[in-house]
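**Student:** Residue numbers (this note's numbering), protein chains in the order written: chain R, 1 to 291; chain Z, 1 to 332.
These are computed hints drawn from the structure, not numbers from a lab.
Hints may contain errors.
Coverage of chain Z stretches by chain R, computed from C-beta distances (three or more under 8 angstroms per stretch; other residues unrestricted) [claimed, not checked]:
1. 67-76
2. 137-150
3. 188-201
4. 205-215
Going by beta-carbon spacing under 10 angstroms, a handful of chain Z positions derived as facing chain R [to be verified]:
5. 106
6. 230
7. 234
8. 235
9. 236
10. 301
11. 303
Glycine included, every Cβ here is placed at the ideal spot set by N, Cα and C.
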Amino acid sequence: MKTCTLIEPQHEETVRKLTESAYNIRRYALRMGEVQGQGYIGQALGIADILAVAFGHALNFRADEPEWEGRDRFLLSHGHYAIAYYAALIEAGIIPEQELETYGSDDSRLPMSGMASYTPGMEISGGSLGQGLAIGVGMALGLRQKKNPAFIYVSTSDGELDEGATWEAAMSASHHRLGNLIVLVDVNNQQADGNSNQVMGFEPLADKWDAFGWYVQRADGNDLPAVLAAFNAARSYEGDKPRAILFDTLMGKGIPFLEQREKNHFIRVDAAEWQQAIEILDAAQEKGVEK
Amino acid sequence: MSETIARKPRLTTSAMIASIASEGQRTQAAPFGHALAALAEQRSEIVGLTADLAKYTDMHIFAQAHPERFFQMGMAEQLLMASAGGMAKEGFLPFVSSYAVFATRRAYDFIHQVIAEEHLNVKICCALPGLTTGYGPSHQATEDIAMLRGVPGLTIIDPCDALEIEQAVPAIAAHPGPVYMRLLRGQVPLVLDEYNYRFEVGKAALLRGGNDVLIISTGIMTMRALEVAKEMEGGAADVAVLHVPTIKPLDEAAILREAAKPGRLVVVAENHSIIGGLGEAVATLLLRSAVTPVFRQIALPDAFLAAGALPTLHSRYGISTEAMVESIKTWL
Chain R
1 MKTCTLIEPQ HEETVRKLTE SAYNIRRYAL RMGEVQGQGY IGQALGIADI LAVAFGHALN
61 FRADEPEWEG RDRFLLSHGH YAIAYYAALI EAGIIPEQEL ETYGSDDSRL PMSGMASYTP
121 GMEISGGSLG QGLAIGVGMA LGLRQKKNPA FIYVSTSDGE LDEGATWEAA MSASHHRLGN
181 LIVLVDVNNQ QADGNSNQVM GFEPLADKWD AFGWYVQRAD GNDLPAVLAA FNAARSYEGD
241 KPRAILFDTL MGKGIPFLEQ REKNHFIRVD AAEWQQAIEI LDAAQEKGVE K
Chain Z
1 MSETIARKPR LTTSAMIASI ASEGQRTQAA PFGHALAALA EQRSEIVGLT ADLAKYTDMH
61 IFAQAHPERF FQMGMAEQLL MASAGGMAKE GFLPFVSSYA VFATRRAYDF IHQVIAEEHL
121 NVKICCALPG LTTGYGPSHQ ATEDIAMLRG VPGLTIIDPC DALEIEQAVP AIAAHPGPVY
181 MRLLRGQVPL VLDEYNYRFE VGKAALLRGG NDVLIISTGI MTMRALEVAK EMEGGAADVA
241 VLHVPTIKPL DEAAILREAA KPGRLVVVAE NHSIIGGLGE AVATLLLRSA VTPVFRQIAL
301 PDAFLAAGAL PTLHSRYGIS TEAMVESIKT WL
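The shape of chain R in the complex, shown without the other chains (with noise of 0.2 angstroms):
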């Protein structure tokens, strides 16, 4: 089993500015919550600091151009995760602030479930779960096909690898050799039904991606420097091989009320708690920031 974390020099400066960010796309996806009363807010809250580090530093991309032909790709193929994934693209500058008061409302550009053909940044529609891997894995082969150095990243849940596509997709990347992918899995141990392993326990995780040929990572998704160092890894890895990357999030990370809540694929938050989420959210980043 290969967990290989290549640990390069931080930048303090780069790990301050992504901890700001992810404080920033907690903070956007908190508030997309209050709009709506309710929202898949306990995994934008587990993933904000690998949405930080892959929009603040992995990701090659044009903010005003989100189409751009050289971008690397990053496919959510966790259509539920919308609320998080647009507080990222908030935060890039992809998505005009102003938008996010209208998450989840009639005629929004910005649904509960994320859409491809009408939502800026949103390179798939991944309501219907377990997909995107496959997907990628075509992207992949046609980025090959037309020479362009940019990477797929396809973000998924653990929840998705129940799915057979997945597998079938994983087994593909390796045999086609696909080293310009590279997948992120959100390992917080919880789906619809309860704990995953309860569910479908999926461990030994890493063991499975490496018999599948991938160059596999684990890291604590929640450890920002670690986080970005896993990142770099993946990139610069010289083999030909996919590269997976296994992040262990906690559901609610950054404000202790919900990560001790009960934990529920969907977690119930009552309407004057989103403010007070907040406010602890603002008053532990001005104590970080002064330290």
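For chain R, the structure is supplied; the task is to place chain Z on it using the hints.
**Tutor:** Just chain Z now, kept in the frame of chain R:
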């Protein structure tokens, strides 16, 4: 960073779970789950399986009552159908639950070849039928019935309300062979108790008579049809409602008998695409039987539907009660 979000009154959302009950409507909680749990007391061969959607299909009630007979297959619909078939081959009576979109689209070949081809005794019960969620096309099962009508030997049922679901569970268990039943979950409207109704597989029911319009409806559209009839009575039109819960096999005799009565506009109303559902099934039946009334359809368009609030979408796509009344008025 400061912001003010004007607290505009928010229409409901493109959230996955939404209620189709209108304001003040009587409802009953989780009829499917309770009926299955109760039936399992009497029939020891009943087992329940799901693909990571027990909580969202009311199967969790069965799971809590009979944990040793509940099988969680994870988010894997092909596995779900094939393994249900396997259990049926070993003499069990599997009730299987998922969302209609996933059961049909992802696992079609497995339903067709594993379950239907061997005529296995599997009951596939699926939530979010047609347009009962604003979450978008990935979750709106607009063509499930069109897909499944092509499967030989499969019984297809679209129940109207809580009472019908409660009665249908033992009825489909007693009916030999594979069954696909659409489901409503959570707080389900209760309507048919006021009509002295008894569900029977394969049988349509004339819920009310009327001389001007015959609405042939299925699923939640029967609830809407009854509302239309009430709204139009004593003035606009006298509306009859023929409820057709079993779409395959169709109760041809009842449909022909009612559609052949002269002088009525015949409208088929379904919570399904205009393509391939009850409307087309009735149309071909009427035409080959040389019964040719003025014929119209109320159904979802052949399109990927929008995300948004359910009331907005039902109105936009013509299946709200008000929209139905307007359509019928223009046709009269």
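**Student:** Each of the hints needs a verdict: does it hold here or not?
**Tutor:** Right, here's what the structure says about each hint:
With 5 residues carrying a beta carbon less than 8 angstroms from a beta carbon of chain R, the region 67-76 of chain Z meets the three-residue requirement, and the given coverage holds. Counting residues of the region 137-150 of chain Z whose beta-carbon sits less than 8 angstroms from any beta-carbon of chain R gives 3, enough to reach three: the coverage restraint holds. Proximity of the region 188-201 of chain Z to chain R, defined as three or more residues with a beta carbon under 8 angstroms from a beta carbon of that chain, is not established by the 0 residues found. For the region 205-215 of chain Z, the assignment as covered by chain R is violated, since 0 residues bring a beta-carbon within under 8 angstroms of that chain's beta-carbons and 3 are needed.
Given the 10 angstroms rule on beta carbons, the hint for residue 106 of chain Z holds: about 8 angstroms separates it from the nearest Cβ of chain R. For the restraint placing residue 230 of chain Z at the interface with chain R, the shortest Cβ-Cβ distance is roughly 28 angstroms, beyond the 10 angstroms limit, so the hint is violated. Hint on residue 234 of chain Z is violated. Least Cβ distance to chain R is approximately 35 angstroms, over the 10 angstroms limit. For residue 235 of chain Z, the suggested interface contact is broken, since its CB lies about 32 angstroms from the closest CB of chain R, more than 10 angstroms.
With a cut of 10 angstroms, the hint placing residue 236 of chain Z at the interface with chain R is violated, because the nearest CB-to-CB distance is about 29 angstroms. Against a cut-off of 10 angstroms between C-beta atoms, the interface hint on residue 301 of chain Z is violated, since the closest Cβ of chain R lies about 17 angstroms away. With a cut of 10 angstroms, the hint placing residue 303 of chain Z at the interface with chain R is violated, because the nearest CB-to-CB distance is about 12 angstroms.
Comparing the model with each earlier hint shows violations of hints 3, 4, 6, 7, 8, 9, 10, 11; every other hint is respected.
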